[in-house]
Every structure is written in structure tokens, then in C-alpha cells.
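Engineer: Those protein sequences? They're chains A and B, same order as listed. According to numbering that gives the first Met the number 0, the first sequence holds residues 0 to 364 in order. According to numbering that gives the first Met the number 0, the second sequence holds residues 0 to 251 in order.
Be aware that one or more of the hints could be misleading.
[To be verified] Derived CB-CB ranges, DEER-like:
| # | chain 1 | residue 1 | chain 2 | residue 2 | range |
| --- | --- | --- | --- | --- | --- |
| 1 | B | S149 | A | L139 | 39 to 45 Å |
| 2 | A | A243 | B | E243 | 32 to 38 Å |
| 3 | A | L159 | B | F250 | 54 to 60 Å |
| 4 | A | R268 | B | S149 | 22 to 28 Å |
| 5 | B | G248 | A | L159 | 48 to 54 Å |
| 6 | B | S38 | A | L51 | 28 to 34 Å |
| 7 | A | P170 | B | H204 | 41 to 47 Å |
| 8 | B | E54 | A | R268 | 47 to 53 Å |
| 9 | B | D134 | A | L139 | 47 to 53 Å |
| 10 | A | L59 | B | G14 | 47 to 53 Å |
| 11 | A | A346 | B | A118 | 26 to 32 Å |
| 12 | A | C151 | B | A15 | 21 to 27 Å |
| 13 | A | L51 | B | S149 | 42 to 48 Å |
| 14 | B | A15 | A | E35 | 29 to 35 Å |
Quick caveat, the hints were computed from the structure, so don't treat them as lab data. In this text, a Cβ means the ideal position worked out from N, Cα and C, and glycines have one as well.
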Amino acid sequence: MPDIRASDIPAASPPASSPGSKPAGADSALPAPLTEVSAQRRFLLSRGNSALADRVFKWLMVLCALSIFGIVVLIVWQLVLRSQLTWHAFGFRFFYQTFTNPDSHQPMYWDPVNSLFSAVPFIYGTLVSSFLALLMAVPLAVGTAIFLTEMCPRALRGPLAFLTELLAAIPSVIYGLWAVFVLVPILREHVNPLLTQWLGWTGLFNNDNPTGLGFLAAGVILAVMILPIISSLTREVMSAVPHAQREAALALGATRWEMIRMSVLRNARIGIVGAIILGLGRALGETMAVTMVIGNTPEIHRSLLANGSSMAAVIANEFTEAVSNMHLSALIEIGLALFMVTIIVNAFAQVLVWAVTRGAPAQTR
Amino acid sequence: MGVSIQVTNLNAWYGANHTLQDINLNIPANHATALIGPSGCGKSTFVRCLNRMHETNPVARVTGSVRMGGMDIYADTTPVEIRRRVGMVFQRPNPFPTMSIYDNVAAGLKLNGYSNRRALDEIVEKTLRNSALWDEVKDDLKKKSGASLSGGQQQRLCIARALAVDPEVLLMDEPASALDPVSTSKIEDLIFQLKAQYTIVIVTHNMQQAARVAENTGFFLNGRMVEFDSTHKIFTNPSDKRTEDYITGRFG
Numbered sequence: 000m001p002d003i004r005a006s007d008i009p010a011a012s013p014p015a016s017s018p019g020s021k022p023a024g025a026d027s028a029l030p031a032p033l034t035e036v037s038a039q040r041r042f043l044l045s046r047g048n049s050a051l052a053d054r055v056f057k058w059l060m061v062l063c064a065l066s067i068f069g070i071v072v073l074i075v076w077q078l079v080l081r082s083q084l085t086w087h088a089f090g091f092r093f094f095y096q097t098f099t100n101p102d103s104h105q106p107m108y109w110d111p112v113n114s115l116f117s118a119v120p121f122i123y124g125t126l127v128s129s130f131l132a133l134l135m136a137v138p139l140a141v142g143t144a145i146f147l148t149e150m151c152p153r154a155l156r157g158p159l160a161f162l163t164e165l166l167a168a169i170p171s172v173i174y175g176l177w178a179v180f181v182l183v184p185i186l187r188e189h190v191n192p193l194l195t196q197w198l199g200w201t202g203l204f205n206n207d208n209p210t211g212l213g214f215l216a217a218g219v220i221l222a223v224m225i226l227p228i229i230s231s232l233t234r235e236v237m238s239a240v241p242h243a244q245r246e247a248a249l250a251l252g253a254t255r256w257e258m259i260r261m262s263v264l265r266n267a268r269i270g271i272v273g274a275i276i277l278g279l280g281r282a283l284g285e286t287m288a289v290t291m292v293i294g295n296t297p298e299i300h301r302s303l304l305a306n307g308s309s310m311a312a313v314i315a316n317e318f319t320e321a322v323s324n325m326h327l328s329a330l331i332e333i334g335l336a337l338f339m340v341t342i343i344v345n346a347f348a349q350v351l352v353w354a355v356t357r358g359a360p361a362q363t364r
Numbered sequence: 000m001g002v003s004i005q006v007t008n009l010n011a012w013y014g015a016n017h018t019l020q021d022i023n024l025n026i027p028a029n030h031a032t033a034l035i036g037p038s039g040c041g042k043s044t045f046v047r048c049l050n051r052m053h054e055t056n057p058v059a060r061v062t063g064s065v066r067m068g069g070m071d072i073y074a075d076t077t078p079v080e081i082r083r084r085v086g087m088v089f090q091r092p093n094p095f096p097t098m099s100i101y102d103n104v105a106a107g108l109k110l111n112g113y114s115n116r117r118a119l120d121e122i123v124e125k126t127l128r129n130s131a132l133w134d135e136v137k138d139d140l141k142k143k144s145g146a147s148l149s150g151g152q153q154q155r156l157c158i159a160r161a162l163a164v165d166p167e168v169l170l171m172d173e174p175a176s177a178l179d180p181v182s183t184s185k186i187e188d189l190i191f192q193l194k195a196q197y198t199i200v201i202v203t204h205n206m207q208q209a210a211r212v213a214e215n216t217g218f219f220l221n222g223r224m225v226e227f228d229s230t231h232k233i234f235t236n237p238s239d240k241r242t243e244d245y246i247t248g249r250f251g
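Chain A with its partners taken away, still in its complex shape:
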């Protein structure tokens, strides 16, 4: 719009051009030549061109974005700085080395007394418990989301969605307590013996651990904890799939499941993978509940029923008790390892998303 001045505004428009829009009396009541600038126009003219406001806003947003970048850089900087001792002692071998116990000749990874440190069992424990959690949580979460978006009666939808989201609000120490007092005894008494009996031949379920703690317990509790994140995000992306897509599949003679597979899951798959990545992120970093049930033994076992430890768990357990500088440095380097594992897993997931969606472009509507 070019500048409009009060003098450009025509006098009252001819009545014929707006039939019936105003009562005739209102038109005739207007002063014939409109010379005065209206109050709202005067107000708007006084606002200037607002160039400064736009510039300030832009830089504020740039600052916000940079601050996140800055925080990440600072964290890495501190982690690197404070893990100098172990870094000098072991170098990159910290992430893969194995020691041997001089007495039992068994592999050994973590001996604070003799200042022998390796991140291997903790990386292993974090990855194993997180992937176990995904294995259990993803089908359950996607199933829940499918039920809530596609089948649930409207009246039940709200309460059920609220309940699943409520799971996310429970503090992790409560999950840990529940796991210690309820889940672990159940696993110990009922589940683990059955797993050993039926699946013992795989080597993954050797029930030689009488405590019931271990990777499986950690995986189960993690699964419960990441379930609400995955299912509520999945529900969100599924309900965003256009109704026309469902009708298209139904009109071709699809059954309910075929319709869900063909239009809902296919269209929502990118979002679902995103939800899984977020859940995985939480599982990798989860500390309290895992510390309480994983067994806290820096060992590597093929059996999922054995005790283990995770990166977050060893930091939480030993940080306050670490007396030697070397031990402290090792724990901080474990933090660095956790940071890197998270980045690598996320990068891998991004590649996965890219591979899944490469053939056909996403919804472009």
C-alpha cells in the first residue's frame, strides 16, 4: 500500500455502491468532506516503520540459538578438561581396553584401587539396557497409539491418553523403588526361571544370578519409563495423518489393520522414528532407576539376567566416593563417553530416517 493521507480518503462513498450494507441514515449523518485524520490512523502513523523492532527480534532469536550451541561447547570443554588424567594415562584405549585380573585371570575393566579404568562395560550396559527397553516399549507404545487414535471410543480417548502421559510425570526414583520392591522379585521368582527354561539355549538367559537384578530388570523399567514419550508422540503424528488417507485405503477394501498399515503407519513413519529416537535418548541418559536395578557390577555378560552397570549408573554411584583424582577423571571421561554415545546413536538414527524415507518424499501438501 502506498501512503494514504487523510486528504486522499474520499468523502462518503456514493450510497449506490453499497446497497443495503448500512441504513441510509448513517450515510447522510457523515460530514461531507472528510478532512480530519482518524484516531486509529493517527495511532498507526505514530508507530513509525518498526525497523528496529524487527532487528531486535532477529538478534534475540540468534542469541537464543547460539546459547544452546554455547552450552554444548562448554559442557564438552569441561568434560575434556577434567578428564585429562585418564586421557593421558590411557588415551583412546579408555573406550575399548580390557585388563586381566591377576588372581582369577578373568577379564577386568574397572579397578579404582589400582587405577585401572575402562569404559567398555558401562557403554555395553547402557546400550544393552536401552535397546532392550526399546524392544519392549516400541511395540507397546505404537499399539497404544493405534488403539487411542483409531479404535478407542471417543469418551475413553481423553482419560486413557491422560493416563499414559501421567506415566511420564512420575519421578525416576519412584520407578526405581517400584522396580526394587515389585518388579525385581517378580522377575526373580517367576519370569527369569521361565526364560532360562525356554530360551536358555540362546545363551541370553542364564539364570545364575540369584538377585533378580541386571540388564533385563533395567531394560523393563526403562521400557516403562520411555513408553509415555513414544506413545504420546506417536499418537500425535498418527492423528495428524489426513482423514482422506484413511478413506482412500478403506475405499480400496482394506481391513482395519490394512488401513492402519497402509495409510496411518506409512504416513506417520518419520514421526514415529522421531518419537523412538527421543525415547532412546531418555533411556540412554536415565540414571536413578537404572542404578537401583542394574546390579552395578562393571562386567560384561552375554546373559541378560546377569548384573551389569551403565555409564550414568557408575557416575551416580561412585562420584561422591571417588577419592583419587584418577578415579574422578575416569568418571568424567565416562560422562564424555555417554555424551558421544548419545551423539553417535542419534546420528545413526538420522541416517536410518534418511534411508527409510529416501525413496518417496514425505507428505507434500
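Fit chain B to the given chain A structure using the hints.
Structural biologist: Showing chain B alone in chain A's frame:
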């Protein structure tokens, strides 16, 4: 080959809203039948009752009978079975965006486990030719997504998808209303060719369209069918005053 459709005392509701009232109608096989009427008169609900899509809405309800080729679709069969026999094209093109053009056309067959790849290739080519889309897409059948086409091409792709299962009846719910005039005339030409092989029921807002493609036309008003006759008669000498008012543009 198409089959004829006999509709007897069809009533439909959306919640408390009685959208179709006592519809009785015989739709002949292998002809195009147009349904016209003002917005909200129930013509879309009517075609959605012909493949039981109406009942996918949880508050919807239907009574009465619809016979297709001697089978009562409400009493003798399931919605899934009837929809395998009745193709449908919607108002807005809705190809599957995550599938290639080829997979879009083959979707109905693949869904039902049809796996003869050579036969599938032939069917896809034949239906795309029938839908007047083959020349425009043959080079990137498996490369491009169904959503990458233009609106008119997408709608022809949706027609191809419906035809690939060789349906007995083809329902079209305002198939050209979201399209430009050039795409619209392509769709109309297509309907004209297809009606030799399929029973076509087409809902339209555009009366010229009804006059151009359909042998028979039904006029709907406020949930009732006011008049059903040959298109020629409806547009030149309707028996009901309301039909005449509508086609001469006095309302609607």
C-alpha cells in the same frame, strides 16, 4: 463389467441429523448416473452409502437395502468385501504420498495379496492408459511419489487406483470440483470412455458436467430424491417444479 444397483427405502443419519430420507432408485449397469443438488442435500451421503463408507463415521447410521448385482450389500456381506467390488474417487485427490505412482495404482491389488509381478505391471500400464495418465508418468512410475503430480494428475491417479481392481461400480464424489477447467475436461472425457465398462455414479455440483457425461440424472433436495430420469428429460422438461427451479438457477 458393471452391475446394476437397486436402492430401496434407504435412510441415513449423522447423529440426530436425518440426511437421507426414503431413497428409492434403480441405477442401470454400464451407464453413468449423475446426482445433482445444492450443498448439503445428501447426494454425497448417498454415494457413501453405496460402498458403506458412510458407516465409517461413528455417529452415522443407515437403514434400508442396497442391492448390487443381486446382493444386498447391507445384509449379505461385509464392508471390506463390498469395497473391493466398488471403487471410489473422492472430492480431493488423495493419492498415498509415501508410495510411488506405480504402487499407488497397484495398492488395491497388493493390499489383497496379489503378487504376480508381471501381471501387475500389465495391469498398472493398462489402467494408467485407461485413465489417460500413462504418457505423462510412464518415465517415472517407480521414481516419483503419488503426491508429486499436479492436482489433475493426482485425481486421474486416484481414478486409476480405483480402476486397477476392476470394480463393478465406480463411485465419484465431485471428482472435478477441486480441479482447473483443463483437468476437469480430461476427467470428463475419461468418465465418458469408462462408462461403457463400469457402472458409474457421479456426484456433481456442475450441471453442465452432469449433462455432458451422464445418461441419467437424479436431483436431490433436503435429503430426498426429488426426481430421477434421463438426463435429457431432467434438463429440458423436468416433471417437478423444484427441479426446474434448480436447473434454471433460481436457487442452489
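Engineer: Compare the structure with each hint and give your call.
Structural biologist: Quick rundown of the hints versus the structure:
Between B:S149 and A:L139, the C-beta spacing of about 42 Å keeps the proposed range 39 to 45 Å intact. Roughly 36 Å separates the CB atoms of A:A243 and B:E243, a value that falls within the hinted 32 to 38 Å. About 47 Å separates the C-beta atoms of A:L159 and B:F250, a value inconsistent with the hinted range of 54 to 60 Å. Here the CB-CB span from A:R268 to B:S149 is close to 25 Å, well matched to the stated 22 to 28 Å.
Taking 48 to 54 Å as the suggested C-beta distance range, the pair B:G248 and A:L159 conforms, at roughly 52 Å. Roughly 50 Å separates the CB atoms of B:S38 and A:L51, a value that falls outside the hinted 28 to 34 Å. Separation of A:P170 from B:H204 is about 58 Å and departs from the stated range, judged on CB atoms against 41 to 47 Å. At about 29 Å, the CB distance of B:E54 to A:R268 disagrees with the hint of 47 to 53 Å.
Taking the beta carbon of each, B:D134 and A:L139 are about 49 Å apart, inside 47 to 53 Å as hinted. About 49 Å separates the C-beta atoms of A:L59 and B:G14, a value consistent with the hinted range of 47 to 53 Å. Our hint of 26 to 32 Å for A:A346 and B:A118 is violated, since their Cβ atoms are close to 43 Å apart. Checked against the hint of 21 to 27 Å, the C-beta distance between A:C151 and B:A15 comes to roughly 23 Å, which is consistent with it.
Distance hint check: the CB atoms of A:L51 and B:S149 are about 44 Å apart, consistent with the given range 42 to 48 Å. Taking the beta carbon of each, B:A15 and A:E35 are about 55 Å apart, not inside 29 to 35 Å as hinted.
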